[in-house]
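Take this note's numbering: the last position of the sequence shown gets the number 333, and nothing is skipped along the way.
Think of the hints as simulated: they come from the structure by calculation, not from any bench.
Accuracy of the hints is not assured; some may be wrong.
[Stated by the list, open to error] The list that follows gives simulated cross-link-like pairs (lysine-lysine, DSS-like), each with its CA atoms no further than 30 Å apart: (1) LYS78 x LYS124; (2) LYS124 x LYS180; (3) LYS326 x LYS180; (4) LYS78 x LYS129; (5) LYS180 x LYS129; (6) LYS78 x LYS180.
[What the hints assert, rightly or not] Estimated spans, in silico, between C-beta atoms of each pair: (7) LEU204 x PRO295: 40 to 48 Å; (8) TRP162 x GLY63: 33 to 41 Å; (9) ARG209 x ARG318: 46 to 54 Å; (10) MET236 x GLY63: 38 to 46 Å; (11) TRP285 x ARG209: 33 to 41 Å; (12) SER67 x LEU204: 37 to 45 Å; (13) LEU246 x ARG320: 34 to 42 Å; (14) ALA125 x LEU325: 17 to 25 Å; (15) ALA235 x VAL138: 45 to 53 Å; (16) ALA74 x GLY310: 26 to 34 Å.
These numbers were taken from a predicted model, which means no experiment stands behind them.
For glycine and all other residues, C-beta sits at the position ideal for the given N, C-alpha and C.
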Amino acid sequence: MKESMTLIQRKAGWLAYAEMHFIVFVWGFTAILGKLIEVHALDLVWNRMAIASMIIGLWTSATRVPLALPLKSLWPLLGTGWIIALHWVTFYHAIDLSNIALTLAGLATSALWASLIKALYRKQIPGISEIVLSCIAMLAMFLLMKVQHFAPLAWWTACLSAVLAAWFAVLNSKLTERFQPLQVAFWEMVGGLLGISLWLLFRYWWSSTPNSGTLTMPPFPWPWLSLSAMDWFWVTVLALVCTCYPFVASIRLMRQIDPFTFVLSVNMEPVYGIVLGYWLFGESERMSPLFYVGTAILIATVLGEAWYKNYRFRRERFLKKASKTLT
């Protein structure tokens, strides 16, 4: 009986691990979709968040998850949604300015930014390991800028996207403790949607001039009007497969997979995305050998930080147990 239970648990563990890597693969595929969808980054993200908020709204209705929250609780969710929207806009804009490989190389720094942002929120000085690893990451970034010819704006846009990704990840780690995952997902999508809508309205008001003779304003450029039939298909895939499912599934898998394994799996996203981009788009994604060396150093730095934190956590736990047994 015990052996059969152990086999079932092992099988469940492997299935959870396989699903985690599938989700990370799906996240890597978002960069591919960003290149396939031929619209401005603002329009792409607006449509992505609009479809995702509707799908998650129906999901919450079917599962009877309450969406009504006090206004005081809504502001952090809506604000975090705006940060997510900015992350996606800068991410897809970086792809438009350069290519998938460069953008994902910049995104690979997000885990290091998260460590620094966590320290700031806790009002602590970053640890020596975090400072050393951040310096190594900066050297790798400098190497990438020297060995590959690309617009500096593209690289810094990708790095800004990584900082924003780290910021909302730190905020979400706190919000998911207070609210249900579907509540967080819905209101963050709504917050991002409202933020981009306000920006589009402001841009329209600022840049538009009345038509000569009639003094009427030109029609408002609604984001959904810029999508072709194929773009609609890919945006729907992006919202449904790459947004709604991974968010909820990753929250569930956090309860089944060791945190160290979870972090290592997520940090494979740039690898999957770069390989997919090279396989699907060929020459436009080909970079110099030293670029891949620099990217490998970046990813190894992130993995090294995760390994060191896991080692330190296990060591502290072992010492606590040892001190208890001695007393």
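Quiz item: Broken hints, numbered, in rising order?
Solution: Of the numbered hints given earlier, those the structure breaks are 10, 12 and 16, listed in rising order.
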